[in-house]
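Build the full structure now, drawing on both the sequences and the hints.
Note that the protein sequences, when read in sequence, are chains A and B. If you use the numbering used here, the first sequence corresponds to residues 1 to 299, in order. If you use the numbering used here, the second sequence corresponds to residues 1 to 444, in order.
Since the hints were made in silico from the structure, they are not lab data. Small disclaimer: the values here were computed from a predicted structure and weren't measured. Every residue, glycine too, gets a C-beta built ideally from N, C-alpha and C. Hints are not guaranteed to be accurate.
Claimed, not checked - Here are some of the chain A residues that sit facing chain B, going by a computed Cβ distance under 7 Å:
#1 A14
#2 W18
#3 M22
#4 T28
#5 G41
#6 G137
#7 Q140
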Amino acid sequence: MQSLARIPLRRDPAPSRWSYRMQRLWLTPLFRLLCRVGLPGLVVVLVAALVLMDQGRRAAITGVFSHLTEQFQARPEFRVNLMSVEGASPELADAVRARLGVKLPVSSFDLDLLALRAKAEAMDAVAAAELRVRSGGVLQVTITEREPMLVWRKDDARIEMLDASGHRVAALAERADRPDLPLIAGEGADAAAVEALALIDAAGPLLPRMRGLVRMGQRRWDMVLDRDQRILLPAENPVPALEALLALNTADDLLARDLTAIDLRDPARLVLRLSPHALTEARRARGIIDKTAKTESSL
Amino acid sequence: MTDLYQTQRAMRTLRRTAIQRGVVAILDVGTSKIACLVLRFDGYESQADSDGVGPMAGQSTFRVIGAATTRSRGVRFGEIAVMNETERAIRTAVQAAQKMANVRVDHVIACFSGAEPRSYGLAGEWELQDSVVSEQDVARVLAACDVPPLGEAREVLHAQPVNFALDHRTGLGDPRGQIGNRLACDMHLLSVDASVIQNLLYCINRCDLELAGVASSSYVSGVASLVEDEQELGAACIDMGGGSTGISIFMKKHMIFADAVRMGGDHVTSDISKGLQVPLAVAERIKTKHGGVHATGMDDREMIEMGGDSGDWEKDRRQVSRTELIGIMRPRVEEILEEVRGRLDAAGFDTLPSQQIVLTGGASQIPGLDGLASRILGSRVRMGRPLRVQGLPQAATGAAFSAAVGLCLFAAHPQDEWWDFDIPTERYPARSIKRALRWFKDNW
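Below, the structure written as structure tokens:
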């Protein structure tokens with residue numbers, strides 16, 4: 001008697017041709033890599049591209065982020081309420097404030113300290129500036145002022161003050177405003193300010209008599225004394241030449257005599273220019289001209 | 001023959017690429033099972049750190065990383081009878097092995113047991129032109145072997161130079177560079193039915209695989225189950241498979257004879273099935289569980305339930321004593337062994353100095369077979385198991401896998417065959433560039 005239960009179909013253990021091929025394909029390393037890394041990567045990129053294709057959505061996403069950063073930066077911990085300028089005279093401090101033009105209060109994230117520093121240091125009167133956001137929301141600006149060392153008569157109209165390196169500090173309305181500073185004049189005098197200061201230092205005993213230094217032809221200095229006396233200094237090594245002259249002066253009291261100019265340009269020979277009267281007197285003393293002749297208008 | 005010669009050459013290059021790629025599959029197409037092993041070749045560096053035992057015959061250069069067996073379908077007498085059934089079985093085995101190895105395999109080396117192998121011994125002689133043996137001389141002496149008429153639709157499966165002799169010195173393995181006048185060689189040639197190889201090629205190509213080598217399973221099971229001194233001194237390997245029983249005789253590490261008897265374990269099973277009136281599956285179960293060839297008094301009392309679902313109580317409750325089972329099995333086993341004896345005698349096995357016989361293969365696992373075999377084949381019979389190779393699962397170390405394991409060894413260390421040598425210059429086509437190049441090489 002045949003069993004009435006359904007005879008189960010014998011399962012074929014063999015894989016079908018396609019499943020066999022698929023398995024072999026799956027065992028191919030390159031294909032596996034492509035499926036496991038390449039395909040998900042592609043999908044992610046595709047989805048991202050689709051989402052970002054819309055302008056409004058892109059703006060919304062950037063908006064969310066910028067809003068978040070703004071919110072964070074606007075917190076009171078980062079707010080700068082006060083600017084304190086130190087190390088400067090009140091006028092300069094006001095000028096620096098106006099120059100920096102920081103509108104307070106401001107978030108410290110919005111302050112570009114490097115740019116502000118460059119801005120402050122661009123001012124003539126400021127030698128160096130140091131900016132710091134101090135705790136408590138204070139923007140501290142520490143200014144090192146340029147110290148005026150010289151007064152430069154630039155031309156007839158303009159008088160300026162220079163610091164030790166020859167940099168312009170400020171304009172001056174009148175020479176009489178700063179009588180304590182030595183005066184220099186002439187074109188290009190600011191470029192040789194260091195030399196001028198050295199000369200002034202060396203001048204020592206002449207200082208009460210000195211009226212100023214004049215730059216000649218952007219090359220060398222003339223020292224102008226009262227009584228219209230001039231000391232023509234050489235272009236090279238003017239300080240030793242001046243010191244030599246001072247030694248001569250101490251010995252012979254040279255400068256007290258009736259000279260209009262002392263020419264030190266040739267180091268081998270000192271040339272003196274006498275005033276007309278003195279010249280006549282000198283000639284007379286040597287007997288070159290008649291002793292009784294009148295001095296004026298004969299030369 | 002030239003056709004298969006070219007194919008064999010192509011297979012040799014394929015095998016080289018497969019070994020370079022590092023992965024090759026081994027396929028044993030048998031009558032009862034199809035076994036697939038996946039080998040990974042890991043170069044020679046990895047064996048440097050082996051301490052104590054050195055590499056066993058160079059086997060440590062490969063490792064079995066995947067193994068699968070499936071019941072064979074569509075194969076009879078070791079030949080493919082139903083193509084698409086066999087193709088499915090191959091696919092099953094290959095897929096399972098690939099899955100275990102987790103690697104894709106493209107090249108496969110296959111062996112089969114049937115196809116009526118016939119063995120020929122060839123001899124050739126060559127007068128050396130200058131006294132030093134060059135590669136061209138080896139090629140010429142191989143070409144000088146006169147091939148016997150193989151018959152209609154036969155192909156050369158193996159053609160292995162077994163021995164080289166130079167003047168009076170014989171037994172040279174590699175005569176190149178030696179000095180002499182006359183070079184002679186002995187070659188062992190194994191021919192099989194062409195259609196069997198064609199069918200196997202077709203099935204393997206249908207599985208998207210490339211055949212990188214083909215071997216006779218009687219040869220490779222001899223390689224696996226004969227130990228080194230047996231191969232050296234002379235021994236016969238009897239591979240008792242499901243549908244056919246392969247015989248190979250080894251001497252001086254070369255196969256000198258191979259044959260196959262078209263009977264095997266399946267015939268024993270069908271005898272049981274017919275004798276006891278049970279289905280083949282039950283007969284197979286009874287054979288493997290209770291089978292034997294020597295009946296004792298104890299076996300009279302051991303009753304075997306045969307079962308069945310015919311619905312007839314009398315039929316389904318039948319019992320048979322083990323003695324009866326042995327009485328059915330023994331004549332068939334004896335017949336197989338007698339046939340093997342006949343083949344061995346025809347080959348002149350009894351003239352060999354050492355007459356060791358090794359029984360292997362799935363059907364050799366019948367208890368008591370060694371006693372029966374020693375009565376028929378001679379006293380020096382032992383049961384053989386294949387060599388152990390790295391990574392082989394425990395389930396695949398039995399005698400039934402000696403052909404598969406032998407094929408692994410064959411893949412790792414192939415015997416030089418005729419087609420591995422140079423082609424003599426004269427045999428190139430007249431206008432071939434190779435011929436011109438060869439001429440230049442020889443003359444400058």
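Checklist entry - Hint numbers the structure violates, sorted upward? => result Of the numbered hints given earlier, those the structure breaks are 2, 3, 5, 6 and 7, listed in rising order.
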